[in-house]
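J.: Work the whole structure out from these sequences, hints included.
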Amino acid sequence: MRFYSSRAALALLLLLTPLTLLAQNFLLRGAVRGSDGSALPGANVAVPALGLGAATDADGRYELSLPAGRHRVVASFIGYKPVNEDVNLRANQRLDFTLSVGTELQEVVIEGRGTLEQKLQTTQMGVERLSVREAKLLPALFGEVDILKTLQLKPGVQNGGEGTSGLFVRGGSSDQNLFLVDDAVVYNPNHLFGLFSTFNSDVVQSVDLYKSGFPAQYGGRLSSVVDVKLREGSRDSFGIAGGLGLISSRLAVEAPINKGKGSFIVAGRRTYFDVFTRQINRLNDDDPDYNPIPDYYFYDLNLKANYQLTDKDQVFLSGYFGNDVFGFNSTRGFNFDFHWGNRSATARWSHVFNPRLFTNTTATWSYYTYSIENKLDQFSFGLGSNIRDWNLRSDWEWRPNDKHVIRFGGSGTLHHFGVGRLQAQGGSFSIGQNVEYDGLEGGLYAADNFTVTDKLALDYGLRLTGFQSGTNEYGGVEPRAAARYSLTPRFSLKGSYALMYQYVHLVTNSGASLPTDIWYPSRLSVKPQRSQQVSTGFSWLIGSGKFLLTDEVYYKWAQRQIDFRDGAQLFVNPELDAEFLFGKGWAYGNEIYLEKKEGKTTGWLGYTLAWTKREFEPQRGTTGINQGRAFFPTYDRRHNLTLVLLHKLNKRVNLTSSFVYTSGNPTTLPTGRIGVQDVYGGELQAVPIYPDRNSYRLPSYHRLDLGVVYKLKPWRKIGGESDLTLSIYNAYNRRNPYFIYIDEVRNEETNLPESYRARQVSLFPVIPSLTYNFKF
Amino acid sequence: MKTDRGFLRMLERMKRILNNPDGRPGARAAQRRLMAWMLALTGLLTGCNLEQNADVDLPVLPAQLVVECYLEAGKIPEMTVTETVPYLSTPTPTILTDVTVTLTSPRGVTETLRFQPGQNPDTRKFFTHRGTRRLSIQPGDTWQLTVTDTKGRRVMGTATMPATVPIDTIEWMFNNRPEPRAMVTVKFQDPPGVGDFYRFQVHNDSISDDPDVEYFPEDRLLDGQLVTLGTSYEFAQNDTLIVSLFHLDQPYYNFLRSINDAQSANGNPFGQPAAVQSTVQGGIGVFAILNYQRRLIIVR
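Going down the list, the sequences are from chains P and R.
The numbering used here puts the last residue of the first sequence at 776; the count rises by one with no breaks.
The numbering used here puts the last residue of the second sequence at 1300; the count rises by one with no breaks.
Hint data in this document are derived by calculation from the structure and do not stem from the laboratory.
Small disclaimer: the values here were computed from a predicted structure and weren't measured.
The beta-carbon is built from N, C-alpha and C at its ideal position, and this holds for glycine as well.
What the simulated footprint calls covered on chain P by chain R, stretch by stretch (three residues with Cβ under 8 Å from a Cβ of chain R suffice, anywhere in the stretch; the number is not a length):
| # | region |
| --- | --- |
| 1 | 660 to 670 |
| 2 | 737 to 743 |
Residues from chain R that keep clear of chain P, each with C-beta distances beyond 12 Å, as calculated:
| # | residue |
| --- | --- |
| 3 | Val1109 |
| 4 | Leu1135 |
| 5 | Asp1141 |
| 6 | Thr1148 |
| 7 | Arg1153 |
| 8 | Pro1192 |
| 9 | Arg1295 |
| 10 | Ile1297 |
20 Å max Cα-Cα, derived SDA-like pairs, lysine to any residue:
| # | chain 1 | residue 1 | chain 2 | residue 2 |
| --- | --- | --- | --- | --- |
| 11 | R | Lys1075 | R | Ser1105 |
| 12 | R | Lys1125 | P | Pro753 |
| 13 | R | Lys1125 | P | Asp678 |
| 14 | R | Lys1125 | P | Gln677 |
| 15 | R | Lys1075 | R | Ala1163 |
| 16 | R | Lys1187 | P | Leu376 |
| 17 | P | Lys375 | R | Pro1217 |
| 18 | R | Lys1187 | R | Gln1293 |
| 19 | P | Lys375 | R | Arg1181 |
| 20 | R | Lys1125 | P | Ala686 |
T.: Now the structure itself:
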């Protein structure tokens, strides 16, 4: 929870309030819930007269330290009608709020003002809180709302390629993001090469993205934390929500438990590409030369239940189960099945000891696996990998007085790395190989958010971490610090420092997140990755508080970065360590961000100027990468501009748009070719000769998306509502480069190579889509 | 948005990858299949040609000598010397006339191959240099190749003949479809000790064409076992098949794999571009001594 103050308000207070009361502050604490009983994290609770306010935490709890006396307290949250309550504070007191869903115009006004002031006053830098309501309004590819793609529209966050939801934060690679869903780690938050994320927008309550100044309770990844909290079900009524889209449908059901003491929500979605492809296959059943189109689909299932045991105790359970399935049966008798997916479970107990001390105890389980099975008659071939975590953590928050918020706790994780599994069986042979490791990761932390004066606030802490796998043991001390100094009530200077260790590594030889990427522990020759980041900047509330302008400069340097030697054998290799190359990386840049969250037109403008480099010196009998010279990784982008606008036309119609411009990403193109005849058979083959890695940059990327959300007439009899969402992805049909390859043109008569030409492949042209959403 | 020939060609290309991604059943092949599916489906859904010509300005690097030389016991040595060329340059046959090639036997006898451009009538392969006598090579023998030109470029390489690995049995069986198709299996005994590399090929009718089946197994997981290699149900009755099993040394295996990877990376956005791992120093290319077993079968 964050506090803010207003010099003028305090002066007024000094004149009006008896000194005896002024000297004494009391705690006002409670929870903010929606009318359905679900907790509202990120809601604002404020006393406008004093210029004081706080945001609710992940469980919807807030706490305000107020002088004794009468106050009007306002609770607000995007999408809900604000509620005012008068309170006469003579002792520590509890005050809960229940907000009902409001019109969007109101929600934008209230949410905007509170959020921007809160961002101005917080010591935390490089953080973005994303409301799913915001994400749901924006146009989306195939109409599929995706919170990770909305995060990509924020400064400092790059995507991994056209349409993909992978995140590359401030020069960090895709494995350096810690994805948490209700505190459980998600190792591969993607479906289908990252075209869709695993987060179903129907059940996501909020997303926090940390890019720098990481709070001490987070650790284990170098570059970012994406903390996703799922929605709790309604505590007072049964409800159904869902949607029918171009490629998938989704449904969520929620209901109270035991007269509002708890609730649950179950949500699922599934794509139906396979329904169409099976029809096409069926129509070609008679064609003996027809090769059937493989089946592909994915599905997700989320479950969350909570229960209030006593006034001071609450428990919740949360679970996720999702799979991608891809496979086909060829006419040659060859069966191919490839599936991958995440599962996770969380159980949490929250206990409030007293108004100044509370704790959360959380147990989580995470599992990611992929499996490839090939069969031909009596021959079979199987390949796979997985990672499984058991985690127990305890987090405490203690407010000894009005100036300090102390957080401390610890966590332990038992990892199991199924690095590679291979099984093959045939007429005369049977082979099998498993490469497996265990690992134990622990962390202890303590941090103090110290409001030194009205102008100066500090947030400093320390995290001690350790990792053990076999006889290999590593440890690290991770100091974290952030400071905010308010030059004026509307202008704050900020700075932060964080040191991070990462003990688990993703084995991937591509720029994108693939289902076949493997997680690997720190071992004898694979030391933990480490990074340090400093950042500084300012936040400036302008235009009567309607706009917040933020500027942040950062410099990050990282050691023991991992890449692979050319031709590395990454699958089922018991000596995988030998394929690794170790190097260093650094990234720096400036992010400018202008936000407007108030009025009929809201949105943001972001611009990032950034450099990311990596360097791998000659080692282990290799020449390193690019003979040891620094190079730009594929996710380096010099310029990145985003403009997002949401306009409420009238009660029924919202117009939305987003525009993105980024510099082209570095890629490797062959410069030369050789001809290889081989021993027997075939024709002369052109073999590309690749120079340095990533020495060519693709053309720049830009795209405009447009959207209209049209609210249909409510179903008054059953209290339901629905809307039609039209999205136009890539509205001006820009052929953005996905990749470039060199094509051989052959003479049609002689079939000899005539010339070579570069061909650019784009992934998505203009794609309109319509989604029908309903809720009752 | 019109559907043109380029788009249809891309779909065909995707279809080929789906059906035979690298000829292997591994994880990389699975990725390529999925990628191909995604591109093909995007094309089908949007009905658009998503390919277009691109203007790229590729740097021109100094030309390197490229050598390709495979020795065989009992045959006259032939080899090809060419140069690297800019990728986008027009293919024009260029023969280097200032190159000297010498071959040194295990006993230290050096023979200079004659500059005699031509085409081998059996293999249909072109060569620029040719020896004068048939070579006597035994498994374990190491030969040396030296290539120099008047510009001062020098390429050197050595190659050792791998041990002979005989084919144990070749079998085939038909499936029960109305038009039955046969699968072929080949068994051989892998020698003890990890580090044996193979190239398995099945040609239909003629070894002058591309093989119908080809892959490159190794004994990392099969050391010392009776290994079975197979095809899918893809051969018709009375097909004449030529089954070849090459035993390779590691440098030659790495070269073959690297050219395969380099070709696969051109057109695969997720493939990591791979440098060609030459078996020679000072240039690019391969110098190897072949040892293979070959059988002809008619499936009926």
